Structure formats: structure tokens, C-alpha cells
Amino acid sequence: MLKTFNLGGVHPPENKLSADKKIENLPLPKTVFIPVAQHIGAPASPVVKRGDEVKVGQVIAQSSGFVSTNIHSSVSGKVKKVDVSADSSGYSKQGIFIDVAGDEWMEEIDRTEELVKEFNLDGSEIVKKIQEAGIVGLGGATFPTHVKLVPPKGMKAEVLLLNGVECEPYLTSDHRLMLEKADEIMVGIQLLMKSLQVNKAVIGIENNKPDAIQLLTEKAKEYQGVSVVALKVQYPQGGEKQLINAVTGKEVPSGALPIAVGAVVSNVGTAFAVYEAIQKNKPLFERIVTVTGKGVSKPSNFRVRVGTATSELVEAAGGLPENTGKVISGGPMMGRAIPSLDVPVTKGTSGILLMQEEESKRGEVLNCIRCARCVSVCPMGLEPYLLMTLGEKHIFDRAEEERVMDCIECGSCSFTCPSHRPLLDYIRYGKGKVGQIIRSRK
Amino acid sequence: MSIILYTVATLAIIGATAAIILYFVAQKFKVFEDPRIDEVEESLPSANCGGCGFAGCRAFAEACVKATDLGELNCPVGGAETMESVASILGLEAVKKAPRVAFIRCNGTCDHRPKTNAFDGASTCAISAASYGGETDCEFGCLGYGDCVESCEFDAIDLRADMGVPLILDDKCVACGACVEACPKNLIELRKMYPKGRKVVVACRNEAKGGVARKSCEVACIGCGKCEKVCNFDAITIENNLAFIDSDKCKLCRKCVSVCPTHAIIEVGFPPRKIKEEEKESSTAK
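Chain order of the listed sequences is A and B.
The numbering of the first sequence is numbering that gives the first Met the number 0, which starts it at 0 and goes up by one.
The numbering of the second sequence is numbering that gives the first Met the number 0, which starts it at 0 and goes up by one.
Keep in mind the hints are simulated off the structure, nothing from the lab.
None of the values given here were measured: they were computed from a predicted structure.
Please note that the accuracy of each hint is not assured.
Here are the in silico distance ranges between beta carbons for each label pair [to be verified]: (1) A:E391 <-> B:E32: 34 to 42 Å; (2) A:V66 <-> B:A66: 23 to 31 Å; (3) A:V83 <-> B:E266: 53 to 61 Å; (4) B:T16 <-> A:N366: 53 to 61 Å; (5) B:D33 <-> A:V364: 26 to 34 Å.
By construction, the Cβ of each residue, glycine as well, lies at the ideal position given by its N, Cα and C atoms.
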């Protein structure tokens, strides 16, 4: 019997079209737009100005607080301007435009493929280097990693969980990374374990990636304290709280952080970024992005420089198919449709999904028939139909009592609703309003 | 017969005792309420819209009775007439407030502002605004789902679904401010009402730089500052690439309307201009 989380969940069609496609380097773009807010927390403040020459890996925006990170240039060339432009939300955000010229890297970056296993840094030095390298959670939430590695006072991490679940349909970027960079990920895990002072790490992988499970299980034998757990294919297995529940059996209390049950969760992609930052002196300025979709002629996994326009990726995967209905940044369940192909790839972009017209259409909204399917699939044990009504009627105090803030926005309720009701739309709205109310109390 | 007598007698005694007790209790726990509160409440429009800033007409009446000066209090629905009757009840002096009217500061109708994408989520402005910038390239403009229409208790807003931007009907609007609260893009403003519904107003909220704004909408304000220069009354200010006309200072001279290169400043309620002929004359004279 495979491990899984104890409440709810759905199983959407997996559609992992690009699972056997090797990671390729995307050709360098001509210009990039690098937003200064690519993470949760305060936006970084630009330290370059128009006309400045920058190299690959150079800091171009400095972290502006503890919950914030540095932003590094992903290309070499000249700063065209520091200005606003629309990001994936369609709202203008500040960022840095760079005209690409050549590909000149900072000297300290080790560009060889050679595996470096040994390190002799202590925990706080590792955290400091991670902070400087601008590493954020690469699973999609983009929470600054160095913040996670410093537990609040009186709390102690017991186990490090590595998220290699990739439960979103279509996406294969973590899968490919695990297959191609297994050793590097293992060293990254060792570094994270050292910084957290834990001696146990568990990698959770969904059972639809048997090759990755086998490879990592074998590699794990060479490294102390690391083990691999195969998990049932069930969405949202990769949710932080779901993964903790599946692997350790513990439940994170409502409103608490995973550290409350002694767990710290990191994505395998983050572990790889940590390896590169510390062993190769390479800050985070590129990531693996899956470009996929049923109509795409060449579904691929690309290594992409941050700031590259979405249109470049689409072009490299064979162009925009005729009957594209939506272009989604991220996976089909939690990703967001982007309003324009000029939107840049950021640290949190795990995939670009080109959804076909008929696949992307929402069904006609009908009345709620009180079937309670949304209740049975909710992995957080909430009552989505009720939360939707409360959002619709603006009854936010009751919504707070019904734990609307616990919603992880996985979309299982909207996915399963036979009446195609926009459950998550209203819940997210209610969550935003309740969040405002809670903040105003402080 | 005697049964009936006993029954009646017992009930009468109980009734009398209860009445005596209740009389004393009522005396002891009497709450004094100013009778003028009821009077004031009766003179109010009973719309309970909250436009005055209080929770309904009763709360407003209480506040009026407590107040020593009506300067801060105003019932936007009843207007000057109502406030005068309230003042006469309370023996205070009514402070005349210029009537106001709501205006949606966006002229990005479908023919001025092309759609560049489509939103298929729950069709309310609040949800659309929380999800992303909107169906056009203008992230500041009206979304057109009608959260303001929904919020209006007086049927004063016409959705105009085919045009993409609702219209406020001045004769029905009471300036209660419900729509101002409801609009997630902060487009609606309560402006001073002029005779015949005349207005001169910047119908745009786009804070993007000129070129970007113009690209997304034909009638966007590009913040060029021509209107600010031509205004003799200091009514126009430019902030964040956007002009704003203070309706309390504006004298409706319409100079700004003629100089605005993008027609972002609009005039409402004026008779059609005869300037065209004058222009012809002056051009022929040259």
C-alpha cells in the first residue's frame, strides 16, 4: 500500500507528455525583463541604472529585508531601462530590462559539469550563501529559502522533506531534473540537512515516476540519512501539508507552519539550486521550465534564463498551435492563465502549458445540487460550497470561522464540481478579504 | 355560576397585581429617549443606505439630536430640503452642502479600448480585479461586470453591457457612495453637481506612462499637462501621469476640453458647440 495524505484529493489525467524529453538549453533571448518581485515578501530594490554593463550572475537588485531576496542578472549586456511592465498578473510591476550582448559570466562561477561533493561550511555559512544567491522555493510558491532554514525561536526541525512529487498534470521539470542531476540534488540535500542540523531527509516522489524513484533510491545509499518514499498518484500530493501528512503521518495544525511538527519542506529543484549556489558559486538566475500541451508539436523541458519572454519558449517548442485557448503559467490545476506572451519567465515558473480551446473552456455554471463532492475532495477538510456562498454574500466573519484561510487553493473543488461552479474564484476572493480583516486587527 | 365568578375574580386579582408591579418596574427602569429622535427620523427619507456614514436613518437621527452643530452631518439622499427640516426640528442652523453626484472615471468603452484577452472566471469586478489586470491592456480601467450596479440601492446605474462601461443616471443618483466602495478599481468619484447635469471631467484613471496608456486605450489620459497649463482656476493637478479636475474649483469653462489631445477630458450636458464655424472662419481668414 502506497503512502498518501488522509483527506480528499482527486486524480486528474496525468498527461506527462514531456517526461522523456531531455533538458535542453533555450537559446539566449535578445532582451530580458527581470521583475524585482519574483518571491513572496518585499520586492528587491534595483542597484543598476540605465546604461550599466552587467554580467551573468551579477546582483542587479538587492534584497530589501529578511523576507526578500537578491535578484541576479541572467544575461550579460547593457541595462536598457528600469521601468514597469506587465507580469503574469497583467498588472505593471517594476523590473529591469537588459539588452543581451554575448554571454559573459561572473568569474567566480564554476561552469564545469563536474560533481563537487565535499564542503566544509557550517550551517550559518550555508544559510548566508543561500540568501546571497537569491534562492527561493522553486515548487511555485517562491518563498525565500533562507527564511525557511532559520526556524523560529524554540522550534527545532527534525526532518527535511524533499518534494519530488510533481503532482500537477503535464509538468515534468522536477522529474527530468531528478533523472539528470540526481547526484547534485543529493549533495544539495546534504547542504540543506547541515544548515538545519537534521540527520534525516526523505524524498517524496509520486509513483508515476518509477525511473526517478529507482535512481534516487540507489543514489541515496551513498548518502547518509537520505531515503526515498514512493507516494500514491493523487492530487495535491505535492502540497506542503499533504506531503508532510503522507510521509510522517503528522498533521500541521490550522494556521501553523510545517515547523510546528518539526518538518521543513523543500522542492528538489531548490536542492539543486542550493548545490549550484554553494558548490559552483552560481546564483539562481535560470530554471527548468516545461513547455507542453496537447497541440504542441515539440513538448520540451528547457533550461531558461529568468526574464525570457514566454513567446521565446513557445517558439522553441514549435510555435503556438492554432486552436490554443489559454496559455497557462504553471500547471493546469494551480497555474494561472497569462494575458500576453510577453510575460517573462520568473523564478517560480515551472511550466508553460498551451491549453487547447475545448480543453480550456469552463462549463456552464449551474445551480449547486448539494452533492458535497467538493467537501469529499477537499484535502484541507473544508466545505467549499459553503465558503463560496459566504464569499458571494460578503459574510467574511463566518468565512473566517469556517477556516477559509486554511484553503491551499489547489482547485480540487472546482475540478470536481458537476455544476461547474466557480468555487475557488469566490473562495480566493473571500480569503483575500478575510486576510485584509486579520491584518487590520494587528 | 360561582365557578365563573371565581375565575373572573382570580384573573382580575392577578391582572391588577401584575399591573401594579409592572407600573413600578417601568418607573424604576425607565430609559429616557429624546422624542426628537423619532421626529427627525420621520423627516428622513428612510432609505437606510448608509450614505451619511451611519448605520441607517435611525442612527443618523440619533447623531443629529446629539450634535450641537449640523456642519458635519448630511443626508445625501434628502439633500438640502431634508437637512433644513431636521434643523428646524432641532432648532439648529442648516449648513448648505452642494449636492454631489457619482461619476465613473473611465471612458474605455469597447470601441475605445480593444479587448486583448478573455476572462472566464466568476463574472464580478472584485474577482476579476483580484485575479489579474483585466480583459484589456489597461489595468486601471472599468471591468464592466457591474459590481457598482449591484451595490446601487436606487437603480441609478445602467450596466450598458454592450458598451463595456456602466453609466450613472444623474437624476436617480443620491451620492450615497455605495458604488465608490464597490468599485475595485477605484474609478467612481462623488463630484459636485452643477445645474443641468453639466460636467467637465477627466474620464480616465490610467497611471501608466503616456505611450503605454495610449496604446491600451484611445481616450486615455497621457499626463501631457496641457490642461493644467490652460486652466485659470487651479482646478487641475497632474499626478502619476494622470490629470485630475477638482470639481469644487472647476468653473466649467471647458478650455481643458479643447486642448486635450486624446479627448480624455469630456464635457457632459452642454449644448453642441458652435466653435466649429468659428474655426472655419479663422482658418479662411488666414
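Here is how each hint holds up against the structure:
Judged by the Cβ atoms, the range 34 to 42 Å given for A:E391 and B:E32 holds: they are separated by roughly 38 Å. Checked against the hint of 23 to 31 Å, the pair A:V66 and B:A66 fails, with Cβ atoms roughly 47 Å apart. Take A:V83 and B:E266: their Cβ atoms lie about 32 Å apart, and the range 53 to 61 Å is violated. Under the hint 53 to 61 Å, the C-beta atoms of B:T16 and A:N366, about 58 Å apart, fit the expected range.
Range check, B:D33 to A:V364: Cβ separation about 51 Å, and the 26 to 34 Å hint is violated.
Of the numbered hints stated above, those contradicted by the structure are hints 2, 3 and 5, listed in ascending order.
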